[in-house]
Amino acid sequence: MDFLNAIVLFCNFVLVPATTYGAQLALGALGITVIYRILRFANFAHSELMSWGAMLTLFMTWYLQSVGIHAGPLPTALLALPVGILGAIAMALTTERTVYRFYRKQRASSITFAIVSVGVMFVMAGLTRFMIGPGEQVMADGQRFLIKAVEFKRMTGLDEGLAIKTTQVITIAAAIAMAGFLFWFLYRTRSGKAMRAFSDNEDLALLSGINPDRIVAIAWILAAILATLSGTLYGLDKSYKPFVFMQLLLPIFASAIVGGIGQPVGAILGGFVIAYSEVLLTYAYRKFVTYLAPGDWKPEGLLQLLSTDYKFAISFIILVIVLLIRPTGIIRGKLL
Amino acid sequence: MKQKDLLYFAIFLIFLIGVGWLQSWNVAFGILNMCLISAIMALGVNIQWGYAGLFNAGIMGFTALGGLSAVLVSAKPVSEAWAAGGLGIIGSLVILGMTVSAILYVRMKIAPPLRTWSIIVVILPGYWLFQGFYSSAVEQIETINPALTGYLGGLGLPIITAWLIGGLVAAGGAWLIGRISLGLRADYLAIATLGISEIIIAIIKYEEWLTRGVKNVTGLPRPVPYEVNLIETQWLVNLAESLSANPVAMASLLVKFCYLMLFLGMLAILMWLSERALKSPWGRMMRAIRDNREAASAMGKDVTGRHLQTFVLGCAVCGIAGAMLVTLDGQLVPGSYTPLRYTFLIWVMVILGGSGNNWGSVLGGCIIWFVWIQAEPLGYALVEAVTFPFEEGYWLKGHLIENAAQTRLILMGGILLVVMRFAPKGLIPER
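Those protein sequences? They're chains A and H, same order as listed. All the letters of the first sequence, read from the start, carry residue numbers 1 to 336 under our numbering. All the letters of the second sequence, read from the start, carry residue numbers 337 to 767 under our numbering.
Okay, chain A solo, but in the shape it has when bound (with noise of 0.2 angstroms):
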């Protein structure tokens, strides 16, 4: 029984948690694999587009709701998804058009594409704070839990509660969802394998006639679709807020570099192996261990290996000694 309620206990606090944070996370670490593959640069400007998607999605929500739309136990801005891709389309093929293509006729140099996603960067964040403000928005609704901790407690007779929220099940289904369909894209597809002959070797692809120009949009199309699932999933998970997606940017960032940059499975992996460490080293481990442990013997701290307040920085650690020990990630990629 006590071994029955650890693990229920580690199920609820971490790993059903951290899952969903690496489904979200792992989702824009593949927008930022796209575009790496295809342009050649660290797009600082990516979370950024996180935050315009899942703020139209947000509007559309309001809108839907307003005249009454509901889409039964699921969260409304699941319907409303569709117009913040499309909106996010728009902005990604905007800054392609207006600012990016000048520099990619130019071939410049990666870091001149980087310092210009830091300019996207600005200027995205700004419109999305002047439209919505830096306040936080709730935007899930519909059911809250697919189980509650209470009615598990009932059916299983445990001591401990195991609690799924609705929004978590969607944050999975959604990204095995759209991991498969890149996958499809990319391996399958014409354009998909268009896309990954002119990555390899840009050159001998102009030469067989792919229209540079289609790829490149068709890259920043499945950068902001990406974009706005994570984004979305994210604030429904937690909550919108504007501020949050610049903290999210360096947890993606090292997602994509820990899995391998360039690598859709690497980006995928990263973002799981981001997760999982954020949460279980700042899990305490107190409970779980008096469970398991013989007798009624108590550990004497929390057994917590980090304080929650790094959570965010270890990231960044795992991120430093990836780039120390083994700068091609863990699936090799091409190395920046």
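There's no promise every hint is true.
[What the hints assert, rightly or not] Simulated pairs of lysine to aspartate or glutamate, EDC-like, Cα-Cα distance not exceeding 20 angstroms:
id	chain 1	residue 1	chain 2	residue 2
1	H	Lys541	A	Asp309
2	H	Lys551	A	Asp203
3	A	Lys165	A	Glu151
4	H	Lys551	H	Glu738
5	A	Lys241	H	Glu738
6	H	Lys338	H	Glu611
[Claimed, not checked] Chain H residues, not near chain A, derived (Cβ > 12 angstroms throughout):
id	residue
7	Ser437
8	Asn481
9	Asp665
For the record, the hints were derived by calculation from the structure and aren't laboratory data. Computed from a prediction, not measured in an experiment: that's the story for all the values here. Glycine included, C-beta positions come from ideal geometry on N, C-alpha and C.
Knowing the structure of chain A, use the given hints to seat chain H on it.
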């Protein structure tokens, strides 16, 4: 400096005088003081980016290190806290240092198959010992008068000395970080430094025994007289009378003027040193390395070593600016350090001013800080004008005016994008 460059500075001064006339001289001096600090930060970044082509996105961390030193140097020591937990903290830091050196030793001496395991064998007891000393010491320190102190305090030295020490601390941090991350290529370096600066801020924010964290250390001693004391002096009252000005405003202006003189002095020293460095054989070598690493390396220049050198120097300048900023504010507010304001805004300054030119960085620092401050009222005016057709009390109008201050982010991004596109060399190009 050419005539055109002087013209830019003259235009900036005219705008500043305009603010003095239209708004108030107090505001104008306040802006100018911050402009000078920004100029020094931009100078530090220019040393790294303009001389050597290093993309440091961790400026925020080094400014914060400078600010931290200002607190640790100038705040009054809390002797009760030292008595309660000082030994424990020192002990835990010694253990931490020993563990790290043991890990480095093991990494050097033991061959791969056993290496990972022996490192773990070193880490576990080291961590356990460290945690034991550290947590009890921290608890004891933080319980001593938490409303007012709850931290170890500083050395109680004059805060001006912190400018030098802040520079040294930032340089030390930069040396450590540079050793780790300078081997990386440009955009990796940016991401790594961005991450490291966040770690530094996290430490300053959450290690309350050291910095009081988000409770902020306030009321740091000033290097200049206080307004209340100035008002009581006879000569100020006489001066105010002869100019028929308000003595209170006069005192506040005088304090700002004293700061201005200090900052100008510091900027002049740093500017002189930077110009000397840039025009010396060392400066030419740095630019040669920046423009063609391989060729410079073939000429026998130690590229990594030189990069580390510029990285350390630039960060030291940023650290000095950080200490000056805390001196001006009289307090350290760890929560206010955000990458947008302390890293990327400085980048806009350097790019606008002209990377590779020290005068350009100073100009960029002045202009961008001026615009950053003045964009707020400008944004309000703009949004007011745009929403004029809407009637009063319409929700959208109120909402937009409420968020009008955010338009300055759009303006900053716009400036960066326009400069990068149409004048990539900046206002005062490298010569």
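Verification of the supplied hints:
{"no.": "1", "hint": "Lys541/H with Asp309/A", "result": "holds, 9 angstroms"}
{"no.": "2", "hint": "Lys551/H with Asp203/A", "result": "violated, 57 angstroms"}
{"no.": "3", "hint": "Lys165/A with Glu151/A", "result": "holds, 13 angstroms"}
{"no.": "4", "hint": "Lys551/H with Glu738/H", "result": "violated, 28 angstroms"}
{"no.": "5", "hint": "Lys241/A with Glu738/H", "result": "holds, 16 angstroms"}
{"no.": "6", "hint": "Lys338/H with Glu611/H", "result": "holds, 15 angstroms"}
{"no.": "7", "hint": "Ser437", "result": "holds, 17 angstroms"}
{"no.": "8", "hint": "Asn481", "result": "holds, 22 angstroms"}
{"no.": "9", "hint": "Asp665", "result": "holds, 22 angstroms"}
Consistency with the previously given hints fails for numbers 2, 4, ordered from lowest to highest.
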